[in-house]
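S.K.: Here's the letter readout for the chains.
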Amino acid sequence: MIKKDAHLILEITDLHASVEDQPILQGVNLQIRAGEIHAVMGRNGSGKSTLSKIIAGHPAYTVTSGEVKFQGKDILNMEPEDRARAGVFLGFQYPVEIPGVSNLEFLRVATNSRRVEMDEEELDTFAFEDLVNEKLKLVQMDPIFLERSVNEGFSGGEKKRNEILQMALLQPIVSILDETDSGLDIDALRVIAAGVNQLNTPYSATLLITHYQRLLNEVIPDFVHVMSSGKILRTGGKELALELEEYGYDCVEKPSNNKEVN
Amino acid sequence: MESQTAVGKVVSQAYKYGFVTDIETEKIPKGINEETIHLISAKKEEPEFLLNFRLKAFNQWKKMQEPNWANLGYPEINYQDIIYYAAPTEKNKKSSLEEVDPKLLETFDKLGIPLSEQKRLSNVAVDAVFDSVSIATTYKEKLAEHGVIFCSISEAIKEYPDLVEKYIGSVVPVSDNFFAALNSAVFSDGSFVFIPKGINCPMDLSSYFRINSGDIGQFERTLIIAEEASSVSYLEGCTAPMFDTNTLHAAVVELVALDEASIKYSTVQNWYSGNEQGIGGIYNFVTKRGQCRGKKSKISWSQVETGSAITWKYPSCILQGEESIGEFYSVALTNNRQKADTGTKMIHVGANTRSTIVSKGISAGHSSNSYRGLVQMGPKAYGARNFSQCDSMLIGDQAAANTYPYIRSQQPQAKIEHEASTCRISEDQLFYLQSRGIGFEEAVSMMVSGFCRDVFNQLPMEFAAEADKLMALKLEGSVG
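Same order as they appear, the protein sequences are chains A and B. FYI, the numbering used here numbers position 81 of the first sequence as 81, with every residue one higher than the one before it. FYI, the numbering used here numbers position 191 of the second sequence as 1191, with every residue one higher than the one before it.
Since the hints were made in silico from the structure, they are not lab data. No residue lacks a Cβ here, since even glycine has one placed at the ideal position from N, Cα and C. Treat each hint with caution, since some may be false.
A few chain B residues that face chain A, going by a derived Cβ cut-off under 10 Å, partial list only [stated by the list, open to error]:
no., residue
1, 1407
2, 1411
3, 1426
4, 1440
5, 1452
Per the computed footprint, the stretches of chain A lying under chain B, defined by three or more beta-carbons under 8 Å from a beta-carbon of chain B, are [what the hints assert, rightly or not]:
no., region
6, 80-87
7, 133-144
8, 185-197
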């Protein structure tokens, strides 16, 4: 939902970043306001996943210049855990398995660390179980997955449900969902999309990273950005995604069609 | 980058037990020969049987070779450059705790082991050993009401010579191995526990070993006897100051369990492990063995090994009595340049004996961590069973983990199972937890304690919490 005067949640200015001295991002500009849903599309290797990891603070990437402001505050010097507590959420493309760490306990510790930041009361095991059971319904997840180790032995779809469950528990201000649709069958995709739609509020924003159009049929973006070689080449409305679907990325990347919008 | 500096700060606080107590100490001259043995024995006013025990051990030791099969590799130890006996000077003979030098009480207070009456740990009796001598044992009288004997081994030698003579060296013979022979020749103190028939020891017993002097060797000796249908839970903790030289610690622990008796022996070992470059630290060579002599007896070892530059330790069970049970639960953590070669031996002699081995090795930094275990089924071990699980966790890319399981079976009906795994804490796992608001250190310790859960569940309550904290502390700065 676009409201011109809504406050800026995320403001990325001329962001350059590299991994192992290899430049990946080469001047990304992006502004996201409260209530908006943005989609960043692009081929593999265009830098879109890197962008999401840099916003969340992955240590493998080095920001060489530029700014990332979250609610008006530069977050590039913050630890990943502090960004998360402040309300930045990254839904992973490949959620890692963490053997031995109980999913329930992990969810509780994570939820409480965010609640402390929001001046909400920390939840004990009983209160947390009530909360998590309520949120499970949103992603239609079997409670049995709470008793397992984090993501261990989960199918691709279960891992993604677990990600959206975390998003529901953490009540982030900006949710960046990195290829959340990859590896999902159509039913699972609908469940995930319904979850994302329900969690979207006028006070928060969502950034979808994807290279398929199909998620965008379920979660309708206000803006679509096309990324290529570490830059946003074009920005448009939801129709841009359809255009990409029809003509491919070439139509944006070829210099003749290239009109850069910032 | 940020996380590295944050981690760097915490690392510098490293070992909080590294202080030295400034106390007048009586030491005998360096080196070992027959006279040293006579001198130690005379200082402790020992009966003749013990002097003979020591001399026999010494003569065996002279003929023995230091073992080199372990995956350790350390500079040669000069046994003539070690002081074999050091004790805080006593002005007068102490008859009660109130007369113990306040400096010593203060030392143990600082280590979190209050010995004075008011501050004692509730429901845990403590024997505190400082360098070569036991300085105090708490709750002795209360335990005596139940017939339980808990005192230093020196005192036991004087007060209960018959019990000591009957059992000492009966599980670990003097010639068992190089370090056990050395210990038998020169051991200075340690704890003695006797639980009479039918008694469940009303409180946990514990020993706390403190090495204070840099140039001594600590040779402690512990003997625990549980008579028929009795039970006891025993805890052992250890720390030492930071010196840039290596200190030798060679202990022997013997456990005897008679019919239906049960002994649970838990260790949290946090000797100084040397600095990041591997300078200094304790050389820890320990022989621990329990004998399930009686039917349906049970011996359970649980250990959390985090300290020492070198660890060479294989707490073992001889399962002699029918249906006796042996257990070994171990977490061994090595960081920086530490080397550990540890594991167990389960010797099944009797029929229907059972043993369980759960070993978790965590190697970080440039350390090396080996599990070495033997499961042996004797010809009469009909229906005997063993289950072993050995898991290794690597942190960083410079650490090594090895598993050496030995299986020998002379009993075709015995069942032996062995499972092993290796895993690594990855940057992506840490980032995943961090990106959910969980701090870097909490993330590491969550993963490590998850990995160790099966073993921590076996520790007594107070120890489990301590072990969790200790692991987190030891690992700070090892990832990133």
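S.K.: Next step is simple, just say for each hint if it's right about the structure.
M.R.: Here is how each hint holds up against the structure:
1. 1407: Where the cut-off is 10 Å and the nearest Cβ of chain A is about 26 Å from residue 1407 of chain B, the hint is violated.
2. 1411: violated (35 Å)
3. 1426: holds (7 Å)
4. 1440: holds (7 Å)
5. 1452: holds (8 Å)
6. 80-87: holds (count 5)
7. 133-144: With 0 residues in contact (Cβ-Cβ under 8 Å with chain B), the coverage given for the region 133-144 of chain A is violated.
8. 185-197: With 0 residues close enough to chain B, the hint is violated.
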